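Assemble the whole structure, with the sequences as input and the hints as a guide.
In order, the protein sequences belong to chains E and P.
Counting from 1, position 813 in the first sequence corresponds to residue 837 in our numbering; the numbering is continuous, with no gaps.
Counting from 1, position 76 in the second sequence corresponds to residue 602 in our numbering; the numbering is continuous, with no gaps.
Hints may be right or wrong, so weigh each one.
Unchecked claim - Which residues of chain P face chain E? A partial, calculated answer using Cβ under 7 angstroms:
1. A538
2. D539
3. G540
4. L577
5. P598
6. R612
7. L614
8. A615
9. G616
10. H625
11. R628
12. L629
13. P633
14. R637
15. Y774
What the hints assert, rightly or not - Covered by chain P, per the in silico footprint, the following chain E stretches (three or more residues, Cβ under 8 angstroms):
16. 35 to 41
17. 328 to 334
18. 401 to 414
19. 459 to 470
Hints are computed from structural coordinates only; laboratory data are not their basis.
Remember, predicted model here, so these are calculated numbers, not experimental data.
Here a beta-carbon is modelled for each residue, glycine too, at the ideal position from N, C-alpha and C.
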Amino acid sequence: MRLLAAFIRHELRIERRSLRFRAFAVGYVLLGCVPAAAIHLRRERLDYVIGGATYASATLTWLPLLSVLLAALLSMDGISRERATGAWTTATLSGVTNVGYLLRRFVALLTLLLPLTAIPLLVAAGLAVADVGGAGVGAASNLAPFYGPWLLHVVPWTVAASALALGLGTIGGNAVGSFLLAALLFGVVPVAGNEALNRFGMRFDSPLAGLDLLPARWTVILLAASLKAQDDRWTWMFPLPETEAGFDLGSAAEQNLAEGLQFGASAAAALGLAVLFLRRTRPDVRPQRIRPDHPLRNFLVAFGRLREQYTPDPKPAPADLVALACALGLAAGAVGLEGARAVGYERLAERRYRAETGGKPAPMAVAVVPETWRIDGRFETSGTVQVEVRGTFKNGGRVPQKHLAFSLNPDLAVTAATADRGRVTVGREWDRLAIEVDPPIPPGARRELRLRLAGLPRANHFSLPQGGDVASFARAFEKNRNARLGHDRADLSRSYRVPAISGLRVDLSADDLTPVPRYTTWAQKGDGGVAEEVYFPVARVEIALTVPRDLLVADSCGGLSDPAGRTRGRLDSRCSLSLSELTVRGGRQRLLAQSTQDGVAVGVFPAHRAAGELHLGLFAGSSKLMEEAWPAQGDDGGGASGKSGLGRLVILEWPGEGVHDRQHLNLISGRYRDPYESWVTVIGNLAFLGETDLIATAPLPPERLAAEIVSSRLARRRRFAPDESLFFRQLLRTLVLERLGLGAQTGAVVGPLSPQQMASVRTPAVHPESYGYWNSRFPSLIAALGRRAGAEALRSSVEELLAPGPDHAQTPATFEEFASILKRRSERDVEPMLRDFFLAGKLPELVLEEVSFEPAGGGWRVTGKVHNLADGEAICRLVLTTELGPVEFEIRIGTNETTPFAFATAHRPQGVFLDPDQECHRMVRMGLPRDRVYLQGVRR
Amino acid sequence: MIELEGLTKTYADGTQALRGVDLRLDRGMVGLLGPNGAGKTTFLSILVLALEPSAGRRVYDGLDAARARSRPAIRRSIGYLPQDYRPLAGLTGREYLLHCARLRGVPLSRRALEERTRELLSAVGLAEAADRRAIEYSGGMQRRLGVAQAIIHSPRLLVVDEPTAGLDPEERIRFRTLIGEVAEQTAVLLSTHIVEDVEATCPRLVVIGQGRLLYDGTPTELLRGASGHLFRFPAGEPLPPGAVEVTYRADRDGAVERVVWSETPIPGAPPRPAGLEEAYGAFLALRGVAAAGPQEGAAA
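Okay, here's the thing in structure tokens:
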């Protein structure tokens, strides 16, 4: 230890006096502090309140890269310093072994480096603490966002980079040699290795791939763009607000492990091999006698010197050999672990692939619906779930049913399955559970199932490239499996799992807790991917769970386990709910002490308490708006509508999806929520309020919260046809938003549109590809329908559809039924709209052509044509404006049709306008509408 | 006791630097002389384990250098001042010596170590410069610091290569005294071109030439061999049969002194009293090896 202390003292003293070190260190600290300093200086121009996590995250975007560079430079300098100054022979003439010397140098360097790498984060933390007063949130009181990522992303990379530089610097003997070795290690070895691995269907990403340059590059770009911005408000691009949800260090370490394994292995191997190349004793190599007149004499002499230089040191000490074996073992272990991860995840992916492409088992008949559903059990912060599920099914059909199908997290095992009558046979395939009951459930009869489930539910993220023509997991896996060249393969070792439960977060979806009935076939869709479930029958659900006592946990029935209240550690609730809507979520959120007049429970992250209290008015406002959004006509089935206000609602602050994924820190795109995304999601009696919106400095508009709650509750009044349930849920949401003044302004949509926006009633689900349809084109379509049919007719048609009718309990609502009601109640013909736009997904594009204004007699004659460039029948107003007012009539144009028109007027015309108020559903091409012609000519 | 047997060294390009050197070293000073290219530096490098011999055996107080396990202990027992010695950059003389002491495992308390450092710095005449950066020392001061670092851990074997190069006469005397004290407890091998240093301090002399050990004895014996055989001989005249030229020196005034060795007296040539330098020169000349005098001042 005394010797180690001497090494450390020596290193600190030498570096403190070194101008080069001081320049490096100051440059490192300054660059490392730039993001935090920029945030601090301009924080008051942000549109949101940020906390410590944002400071930490912005700093960490480039700190790992900077740290690696610093570690490499200083370590290389450290090992070459004595050689360069000619002090090597005497400096190493001591009793220490080579490994003793190298390890002590290594530790001494780390003693210097690691505290240095903490400085930018300490500065960022200090600035965050300084901001607390002004910001009004206590975000910086929690330092976890600083030390967690530092331990995870900065320390390991710095240690490995230092070891690698020390190793390569020692082996290389000089800067050129070290550089060549590094090029060999990171250029040639991975390529050659991957060529060999390709025979086994494997490939590893570059050891440097984990040192992602993208965040660093993006931070620079965004910071520069933000600084250049002329607006008073600082652009939203920088800083991107980071979640205060916190993350589980263990899970995060597992997720990031594979990224550093190769680099770590390289570092261990380099440092291990360096014990043979310390060159305290020049080796004796076999002499090569070269004739004085040999034509290659100079080359051979140089080669001889290289041989001497790169021959391992003679007579390594036993300790050196042990260290070398350990280092190589460590390196082999790391590579082996990476290989094992790749193989393990490939097997998992194979299971999923087989299930997804097999299309089995068959789904359950829609006649079999769950009536009651009870979930008893517990889950713990270790991630384990143990539950007993008791569910009663009723066969409402006319034939006996013996086959039941469910979705269930593949990490959840069915340890026991029984029924109140007969036998039960269980079949599993990935996330699919098939249960055969014998005897079958007769028509009109019920059957109770009891299942015991246990496991550690996690979300699997396979590192397969997706996007472009590879739209689904199965296609990506297929492409990877069939790849012929190494570089076409994915490195599956980079896959990872996100546990549904940790000490900081609970994110249990329905199938993480219970089998969820599956009514839609598991077939692959045309564009890839498995078809989503679209039928959601409602059951009476009871939840009785023992949950972690120190976490705030809520379920979609409105149950709540408050660590600070009487309900600590237990979740007991019941409600009517579709099983797919069952969810249990929570984490470090804490309930706000104040409540709204409806007694809604609001849980926010501790750092956002003040922001949450600031927005409490939102909830009261939403409650009032619910009556306005959809006047209550009766029971909505959910226990609350406009009349009953927010009721048992639990609102949780919730970060964007994927914040607990590996990419979170590595990919900028994962760190912020799309500003156009809906900021509130309601699932039963549980609502999720976007974290980014909660910290907005602008008041939150209550309309969207009200709309989500009302449409969610309206949807529970009657079940919908499986294929069309999403359409109805979007219809209700859109109508409510429209009533609250947040609907589409016009019936027209601005094009060009992406293919995904050409979807129709049967667009299966909200996912990124159909996002544009449901949030852009669909509201326009409903606006156009409302204008055509009449707003009141449209609303009353929905009421009639949802009203409890004599056979409504038995038959699901369909689009056909809705269309017939609407046609009956509509003031005008809506048949073409329903047919072309809702069922066929058509979208007309109308243009005026050959418009001429000609004096005729004492007046004017205006003629022209309306041409439909696309498909779908459009019925629109055509208006001629004159000096004394407009003249108009309705024009009907079918697919690809051209309809001539003619106006005769005694007054001087001004222009012809096709659908001037954009009431009809059509595409208006961006920048080139071609739907108006003025007397003087065409104006764009 | 250090025993060296049959040390040979052939470099990668075929250059044969040592051709079987046997030597035993015990406490006391041993002077090492040899002309340029004789293999002295190779020999010293092999002795301090900085170079692996092609063949031969090295045993240090019973520790065989061929055994890897023995090497740390052997290194710990050696003090070395290389010819191209440089101190560590960034440290003062005092810090540097302290660091060397710790590196070599000097088992002294901090205070005792500081005291020893002070004494050593004083002994080499660097007490006043102790807190200056060693890299800023003059060449002579750096050599003196080099001597201090080589003996700070009281080595069993001290190898010094050209220790007095660049030292003024006063410093050389001080050095000789210091080394003489060290040699009471330690085997000291002093490699130098300055025969006078050897003459003044070394009771034993070793001469290496053409990779071989040519002489191992006392300086007196070497002198005795030359005594009565050296003559002043006019410059420009052909040497008589059997005579070999030992030295040829020209001073600033252009006066030339040419000394030759001859078994028998040379008519007309006055005898010259033999100093160790001339004896050494004659010894080499008789074996057909060119001597490297101090005027050449280059590395062997």
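We went through each hint and held it up to the structure:
no.: 1; hint: A538; result: 4 angstroms, holds
no.: 2; hint: D539; result: 5 angstroms, holds
no.: 3; hint: G540; result: 4 angstroms, holds
no.: 4; hint: L577; result: 5 angstroms, holds
no.: 5; hint: P598; result: 4 angstroms, holds
no.: 6; hint: R612; result: 4 angstroms, holds
no.: 7; hint: L614; result: 5 angstroms, holds
no.: 8; hint: A615; result: 5 angstroms, holds
no.: 9; hint: G616; result: 4 angstroms, holds
no.: 10; hint: H625; result: 5 angstroms, holds
no.: 11; hint: R628; result: 4 angstroms, holds
no.: 12; hint: L629; result: 4 angstroms, holds
no.: 13; hint: P633; result: 10 angstroms, violated
no.: 14; hint: R637; result: 14 angstroms, violated
no.: 15; hint: Y774; result: 30 angstroms, violated
no.: 16; hint: 35 to 41; result: holds (count 3)
no.: 17; hint: 328 to 334; result: holds (count 4)
no.: 18; hint: 401 to 414; result: violated (count 0)
no.: 19; hint: 459 to 470; result: violated (count 0)
Checked against the numbered hints given earlier, the structure breaks hints 13, 14, 15, 18 and 19 and satisfies all the rest.
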